[in-house]
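Could you put the whole structure together from the sequences, leaning on the hints where they help?
Residue numbers (my numbering), protein chains in the order written: chain A, 1 to 453; chain B, 1 to 55.
Treat the hints with caution; some may be incorrect.
In silico DSSO-like pairs for lysine-lysine, Cα to Cα no more than 27 Å straight-line [what the hints assert, rightly or not]: (1) A:K436 with A:K399; (2) A:K357 with A:K399; (3) A:K194 with B:K32; (4) B:K32 with A:K226; (5) A:K374 with A:K322; (6) A:K399 with A:K322; (7) A:K226 with A:K185; (8) A:K281 with B:K32; (9) A:K226 with B:K37; (10) A:K106 with B:K32; (11) A:K322 with A:K295.
In case anyone wonders, no lab produced these hints; they're calculated from the structure.
The lines below spell out each chain.
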Amino acid sequence: MPTYQQHPSSFRDPSGFVFQSAGKLYRQINPSYQSDYELLMGSGLYQQLVDQRMLIPHEEIGDSQVGQPGKFKTILPEFIPFISYPYEWCFEELQDAALVTLNIMKASIDHGMILKDATPYNIQFISGTPVHIDTLSFEKYNESKPWIAYRQFCETFLYPLVVSKYSLMEAHRLFHAYPEGMPAKSAAAMLPTKARFNLGNWLHIFLPASVAPGEKNEKVSFNRNKLTRIIDHLHQIIGSLEPPSNKNSVWKNYYDKDILSEQYLSNKESIVGKMINVEGKNVLDLGSNQGVFSKLLASRQNNVVAVDNDAFSISVLYRQVKKEALNILPLCIDVSNPPGNGGFMNGERKSFTERKKFDLCIALALVHHLCIGKNIPLSNLADLFTKMCSELIIEFVPKEDEKVQQLLKSREDIFEAYNQQAFETAFSQQFSIQEKQEVPGSRRVIYKMKLTG
Amino acid sequence: MLKALLYVDPGSGSYLVQMIIAAILGGLFFFKNIWWKIKAFFTRNKQHPTTKEKE
Numbered sequence: 001m002p003t004y005q006q007h008p009s010s011f012r013d014p015s016g017f018v019f020q021s022a023g024k025l026y027r028q029i030n031p032s033y034q035s036d037y038e039l040l041m042g043s044g045l046y047q048q049l050v051d052q053r054m055l056i057p058h059e060e061i062g063d064s065q066v067g068q069p070g071k072f073k074t075i076l077p078e079f080i081p082f083i084s085y086p087y088e089w090c091f092e093e094l095q096d097a098a099l100v101t102l103n104i105m106k107a108s109i110d111h112g113m114i115l116k117d118a119t120p121y122n123i124q125f126i127s128g129t130p131v132h133i134d135t136l137s138f139e140k141y142n143e144s145k146p147w148i149a150y151r152q153f154c155e156t157f158l159y160p161l162v163v164s165k166y167s168l169m170e171a172h173r174l175f176h177a178y179p180e181g182m183p184a185k186s187a188a189a190m191l192p193t194k195a196r197f198n199l200g201n202w203l204h205i206f207l208p209a210s211v212a213p214g215e216k217n218e219k220v221s222f223n224r225n226k227l228t229r230i231i232d233h234l235h236q237i238i239g240s241l242e243p244p245s246n247k248n249s250v251w252k253n254y255y256d257k258d259i260l261s262e263q264y265l266s267n268k269e270s271i272v273g274k275m276i277n278v279e280g281k282n283v284l285d286l287g288s289n290q291g292v293f294s295k296l297l298a299s300r301q302n303n304v305v306a307v308d309n310d311a312f313s314i315s316v317l318y319r320q321v322k323k324e325a326l327n328i329l330p331l332c333i334d335v336s337n338p339p340g341n342g343g344f345m346n347g348e349r350k351s352f353t354e355r356k357k358f359d360l361c362i363a364l365a366l367v368h369h370l371c372i373g374k375n376i377p378l379s380n381l382a383d384l385f386t387k388m389c390s391e392l393i394i395e396f397v398p399k400e401d402e403k404v405q406q407l408l409k410s411r412e413d414i415f416e417a418y419n420q421q422a423f424e425t426a427f428s429q430q431f432s433i434q435e436k437q438e439v440p441g442s443r444r445v446i447y448k449m450k451l452t453g
Numbered sequence: 001m002l003k004a005l006l007y008v009d010p011g012s013g014s015y016l017v018q019m020i021i022a023a024i025l026g027g028l029f030f031f032k033n034i035w036w037k038i039k040a041f042f043t044r045n046k047q048h049p050t051t052k053e054k055e
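Below is the structure:
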């Protein structure tokens with residue numbers, strides 16, 4: 001029996017693989033990668049990137065430790081609280097991931113190395129900072145060759161960003177259609193004519209879309225200057241992309257105008273504030289909007305994942321998280337249709353609901369959207385929380401509520417079973433209700449529950 | 001011809017594109033430099049930031 005288990009997502013790169021042993025994630029480095037690894041560590045590149053928070057730090061594990069026989073080395077990278085994917089990121093998250101990839105590329109060239117692959121799946125967010133997590137992506141730079149990962153970079157970073165900017169399609173939704181990147185031809189087809197009159201678009205999108213890929217041309221002559229110019233150009237294009245102004249976000253003014261009243265919000269904050277008694281835990285805020293409660297949770301040293309279907313709200317929250325280095329990971333996820341297992345044999349990327357069991361989940365003003373808006377029965381909703389968390393703070397919004405009435409205005413009321421009694425019964429199957437409190441000035445009730453058994 | 005297209009390495013093809021892009025960017029850089037020099041000649045007291053950096 002081996003003491004390790006190879007991670008199902010780690011098989012594409014012959015340089016090594018990630019494996020789990022005793023609850024920790026290690027990375028084995030194979031002998032074929034030895035010289036590149038030694039160059040990464042010896043050239044000062046590793047130290048510079050780690051100091052600038054661009055590359056995940058790791059420690060080398062001694063020989064007596066876990067790993068496959070015949071390995072060159074085993075390393076233990078810093079633990080990442082929650083893994084996320086580009087089909088869950090807002091525009092600015094993808095943009096920052098692209099920029100850090102280019103910055104790493106530039107630093108690498110200075111140290112005689114390059115990135116052999118450039119995909120958003122190599123980037124993870126830690127407290128609002130995009131960090132490269134694949135230590136084995138670096139290889140010795142051959143100055144006579146163009147960038148091997150140029151096309152991958154364009155397909156997975158540049159094209160989704162540019163198409164999103166022009167078409168107002170949200171970048172994360174494009175990744176659902178093109179999980180491994182968008183071909184130049186598809187990107188070109190989605191862009192309006194005016195996009196052609198832009199040098200950057202023309203060079204990196206329309207030109208590749210019209211040049212048929214030929215056989216590998218061994219006679220190419222390239223040099224460091226040319227490569228640096230391309231990297232700088234990509235950096236300039238991506239850095240100056242304005243996020244598509246999301247004029248049609250329904251939730252834009254939620255806290256400014258739309259929410260019932262200021263009094264209601266402050267009452268809710270004080271109730272929830274008292275109910276939260278976790279510190280330094282993994283917490284999920286479902287239906288976070290712009291993250292008022294995520295920030296409350298983060299202020300108590302928790303690792304917060306903030307989830308909302310509205311990309312605009314997530315963008316607003318991400319900008320703040322970035323500015324204040326908050327321990328919050330904002331993600332664009334539709335709770336009624338979260339990302340499933342992805343990749344080869346559905347094993348490379350875990351579904352959202354199976355990725356982590358959270359210590360606490362808060363779901364405020366969410367239940368009515370799922371039950372009335374999406375026809376999800378209360379008992380099915382309870383199953384979701386049973387799967388995802390061990391403690392729950394949840395707000396029940398009754399049918400008489402103004403917002404529920406708005407939802408019901410345009411449709412037939414088929415929700416006879418939607419009431420407070422039914423809510424308590426459905427959730428009591430798996431949870432024990434520990435506290436319940438009505439929010440003064442409304443008929444909404446906030447519950448604190450604990451998973452039983 | 002078409003048959004060959006189905007079996008190309010994912011990285012290839014972009015080599016040719018990168019050569020064209022680098023050539024165009026290089027050309028632009030060259031003309032920009034000349035433009036700056038002409039501008040500097042006529043304005044004299046105003047130097048371009050890149051030339052300042054070198055000093």
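Item to check | Hints not upheld, ascending by number | outcome: Per hint list: 2, 5, 6, 8 violated.
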